[in-house]
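Visitor: Take this note's numbering: the final residue in the sequence shown is number 261, and no numbers are missing along the way.
Treat each hint with caution, since some may be false.
Distance ranges between label pairs, derived from CB positions [as the list claims (entries may be wrong)]:
no., residue 1, residue 2, range
1, Leu239, Phe129, 34 to 44 Å
2, Gly80, Val116, 44 to 54 Å
3, Trp102, Leu143, 13 to 23 Å
4, Arg112, Arg248, 31 to 41 Å
5, Ser141, Pro109, 35 to 45 Å
6, Arg238, Pro109, 31 to 41 Å
7, Pro109, Pro223, 17 to 27 Å
8, Gly98, Phe155, 17 to 27 Å
Hints are computed from structural coordinates only; laboratory data are not their basis.
Think of the CB as a built atom: it goes at the ideal place given N, C-alpha and C, for glycine as much as any other residue.
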Amino acid sequence: MATILFAIGVAVAAVLLGLLVLTLLFRPLRIWPTPGTGSWQGYVFWPLFRSLNVLCFAVAIGDPGNFLGLPAWVRLAASVLLALSVALFIYSFWALGSDTSYGAQEGLVTGGIYRWSRNPQNAMLVVVYGCLAIVADSAPAYGLCAAMMAAYILMVLAEEPWLEAVYGEPYRQYCRLVPRFFNWRRAWALVRDAPVRRQ
C-alpha cells in the first residue's frame, strides 16, 4: 500500500511542481494564487496541493523506516519541532485570516508574526515537512516531503509578483524591511540587546 501511495505522490508532485514552475516562467498561467472560486486554476491546484499534503503524512505514517539510521533522540526532537511549527502555522494562519490566506485581497498584513517573516505559514510548513521526513526516516517520506517543501517555496515565489501588483509600493517597502522566510537580523538584535534591557 505504501508503494502505491508513494507512486501516486510522485505523480501528483511532478504535476504540481511543474505547474508552479510554469507559473514562475509564464505569468499569465498563474496556477497560484488561484484567480478565485470556480476558476480552472482552483479546480487543478487545490486537489493536487491537498492530495500531496495528505500523501506525505500517509506515507510517513504508513512506512516508517530507518533509512539514515537516525538515533531516537533526533527523531524525538524533530517531533517536538514539528508540533511547535504546526502551532506557529496555525497562529500565523489565524493572524492573516483564512480568506487572505487563500488569495483574497483583504489588505496587507505586516504586524505581529508578519514582522518576522513575510511568509510565516509557508516557512513553518517547510519546517513541518522537513521534520516529518526526519521522524519517518524512510526514503519515500524524504522524497515526498522534499517535494512538498519545494511546493511551498515555489508558492511563495509565485505569489510575490501578484502581491506587488495588488499592493504596490507598500508591499515593496514591506519586502525591504522583512525577509521572505525569517527575520534572523531582528532575532539576533533581540538576543544581542537582551542584557542591555535587563540592566
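Visitor: Could you say whether the range 35 to 45 Å given as a hint is met by the Cβ separation of Ser141 and Pro109?
Guide: At 29 Å between Cβs, range violated.
Visitor: With respect to the beta-carbon atoms only, verify the hint that Trp102 and Leu143 lie 13 to 23 Å apart.
Guide: With Cβ atoms ~38 Å apart, the hint is violated.
Visitor: For Leu239 and Phe129, compare the CB-CB distance with the range 34 to 44 Å and indicate the outcome.
Guide: Since Leu239 and Phe129 have Cβ atoms about 41 Å apart, the given range 34 to 44 Å holds.
Visitor: Does the Cβ pair Arg112, Arg248 satisfy 31 to 41 Å?
Guide: Roughly 33 Å apart at Cβ, these two residues keep to the hinted range, so it holds.
Visitor: Is 17 to 27 Å right for how far apart the beta carbons of Gly98 and Phe155 are?
Guide: Holds, at about 20 Å.
Visitor: Between Pro109 and Pro223, is the Cβ distance one that fits in 17 to 27 Å?
Guide: holds (24 Å)
Visitor: Look at the Cβ atoms of Arg238 and Pro109 and judge whether their distance stays inside 31 to 41 Å.
Guide: Taking Cβ atoms as reference, Arg238 and Pro109 lie about 36 Å apart, which means the hint holds.
Visitor: Is 44 to 54 Å respected by the C-beta to C-beta distance linking Gly80 and Val116?
Guide: violated (20 Å)
The structure fails to meet hints 2, 3 and 5 from the earlier list, while all remaining hints are met.
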